[in-house]
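Number of protein chains: 2
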Amino acid sequence: MDESPIIDLQSDAFFMGQALREARKAYVATEVPIGAVVVREGKVIARAWNQVETLKDATAHAEMLALTAAQQALGDWRLEKCTLYVTKEPCPMCAGAIVHCRPERVVFGCPDAKAGAAGGWINLLDSNPPLNHRCEITSGVLGEECLALLQGFFREAREKKKAERLNPPMDSGG
Amino acid sequence: MDESPIIDLQSDAFFMGQALREARKAYVATEVPIGAVVVREGKVIARAWNQVETLKDATAHAEMLALTAAQQALGDWRLEKCTLYVTKEPCPMCAGAIVHCRPERVVFGCPDAKAGAAGGWINLLDSNPPLNHRCEITSGVLGEECLALLQGFFREAREKKKAERLNPPMDSGG
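Going down the list, the sequences are from chains A and B.
If you're matching positions, the first sequence starts at 472 in the working numbering and goes up one per residue.
If you're matching positions, the second sequence starts at 472 in the working numbering and goes up one per residue.
None of these hints come from the bench; they were simulated from the model.
Wrong hints could be hidden among the right ones.
Note that identical chains are pooled: a pair holds if it fits in a single copy or bridges any two copies.
[To be verified] The list that follows gives simulated cross-link-like pairs (lysine to aspartate or glutamate, EDC-like), each with its CA atoms no further than 16 Å apart:
id : residue 1 : residue 2
1  : K527      : D547
2  : K527      : E551
3  : K514      : D583
Turn these sequences into a full structure, and let the hints guide you.
Written out as structure tokens, the structure reads:
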């Protein structure tokens, strides 16, 4: 049987698939479905999904949790030789955190033209100077799957809201 | 005795004094001396100092820790009716976090013209649209004291480094 060698692009798709697995965990928990993994030398060292509602913490984005977990795994705040995979383009908070933690690469799925901070709205990852670190950016890896998951989540939320308006929950009191 | 009423400006100075107390704790711990407090209806509900080295977490800025602690104190990620006091202008990561947590006001001590994200380099706190929240910003409260603490820290660090170059630590082995 002919087995093709694993190439870089396949690796990006594989690891983005791991980030998508995390995003699906967020979906199940009724969180905006975004997932992230941090990879070092071909190995996943941290995984996380968006937990804003679960933790009642607006800073608990998938990227923030994955970066912090990766730092703990390495015992260092410098994420040397690391790549962050995340299903959606990072927001300004997460992009700012990425600059502080210094991974070499950031790979994301779907872009966020409205508020993305890796080139969508602004680019904090490639603004050196004045910031102290510049990341290599790869976008659009499994982008359609990442976007479809988000769109499905928001569509479902809208439909649920609409159904509640039409059939408000009854008071079950006697 | 004539006691003047407490006015808003005095309150800002008082709470910035509390943030400076936190910054001094960072100094003692050999951390870049930045401190923050979150105030709600005249009461401090969270205090924190920069702990990047202590926690080996590049995202552990004073603002991030104070915002997270305030959310825990309120049991909600929306910091309604809250003011964040921080001794230095927030970086892009912290400004992004502030937008997510939605305090009404941000008061800072010294500006950061190089990389500040509340007007110094960019302004993420007043960019609505596209971000979903706009904060009232007050700058320069106890600004000279906040700056002097930072300058003293970096001067001391440089002098220590210079002394080590001139007198490298001896190997104490027998």
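Each hint tested on the structure:
Proximity of K527 to D547 under the C-alpha cut-off of 16 Å is restricted to the inter-copy arrangement: shortest distance 5 Å between copies versus 27 Å within a copy. Only between protomers do K527 and E551 lie at most 16 Å apart by alpha-carbon distance; the minimum there is 14 Å, versus 31 Å within a single protomer. Proximity of K514 and D583 under a CA criterion of 16 Å is satisfied in neither setting, with 27 Å inside one chain copy and 38 Å between copies.
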